[in-house]
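Trainee: Use the sequences and the hints to build the structure in full.
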Amino acid sequence: MDDKRIIELEIKAAYQEDLLQALNNTVAQQQRTIDRLEATCQMLHERIISLPTAATAEHTDNLQHEIPPHY
Numbered sequence: 336m337d338d339k340r341i342i343e344l345e346i347k348a349a350y351q352e353d354l355l356q357a358l359n360n361t362v363a364q365q366q367r368t369i370d371r372l373e374a375t376c377q378m379l380h381e382r383i384i385s386l387p388t389a390a391t392a393e394h395t396d397n398l399q400h401e402i403p404p405h406y
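Heads up: the sequence shown begins at 336 in our numbering, then just goes up one per residue.
It is possible that some hints are incorrect.
Quick list of simulated restraints, FRET-style, between CB atoms [said to hold, decoys possible]: (1) H380 to E343: 49 to 57 Å; (2) H380 to D353: 53 to 61 Å; (3) R340 to C376: 47 to 55 Å; (4) A363 to D338: 33 to 41 Å; (5) E401 to M378: 41 to 49 Å; (6) A374 to L354: 27 to 35 Å; (7) N360 to E381: 31 to 39 Å; (8) N360 to D337: 45 to 53 Å; (9) L379 to I346: 46 to 54 Å; (10) Q364 to E401: 53 to 61 Å; (11) Q377 to E401: 33 to 41 Å.
Worth flagging that the hints you see were computed from the coordinates, not collected in a lab.
Since the structure is predicted, the reported quantities are computational estimates derived from the model, not experimental observations.
Ideal Cβ positions, reconstructed from N, Cα and C, are used throughout, including at glycine.
Mentor: Shown next, in the form of structure tokens:
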């Protein structure tokens, strides 16, 4: 009976090792996805912040070259 019990424990340990490796792979993949999403969010944030200054500069340039309506 002891041999049977040891074999069962070894089988359980092998399954747990496989499960642990699968979970580790899943967590690593999720971390890569999170890193990619964070980089994308950072890029979008920087683009959004730069938009008002670019739009304001364009608007200012247009106003300087525009003839007032009363002329």
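Trainee: Confirm or reject each hint.
Mentor: Here is what the structure says about each hint:
1. H380 to E343: 49 to 57 Å: holds, 54 Å
2. H380 to D353: 53 to 61 Å: Given a distance of about 41 Å, which is not inside 53 to 61 Å, the answer is violated.
3. R340 to C376: 47 to 55 Å: holds, 53 Å
4. A363 to D338: 33 to 41 Å: Holds, at about 37 Å.
5. E401 to M378: 41 to 49 Å: violated, 34 Å
6. A374 to L354: 27 to 35 Å: At roughly 31 Å between Cβ atoms, L354 and A374 fall inside 27 to 35 Å, so the hint holds.
7. N360 to E381: 31 to 39 Å: For E381 against N360, whose Cβ atoms are near 32 Å apart, the range 31 to 39 Å holds.
8. N360 to D337: 45 to 53 Å: At roughly 35 Å between Cβ atoms, D337 and N360 fall outside 45 to 53 Å, so the hint is violated.
9. L379 to I346: 46 to 54 Å: holds, 49 Å
10. Q364 to E401: 53 to 61 Å: For Q364 and E401 the Cβ distance comes to about 54 Å; the hint holds.
11. Q377 to E401: 33 to 41 Å: Since Q377 and E401 have Cβ atoms about 37 Å apart, the given range 33 to 41 Å holds.
Hints 2, 5 and 8 from the list above are not met by this structure, while the remaining hints are.
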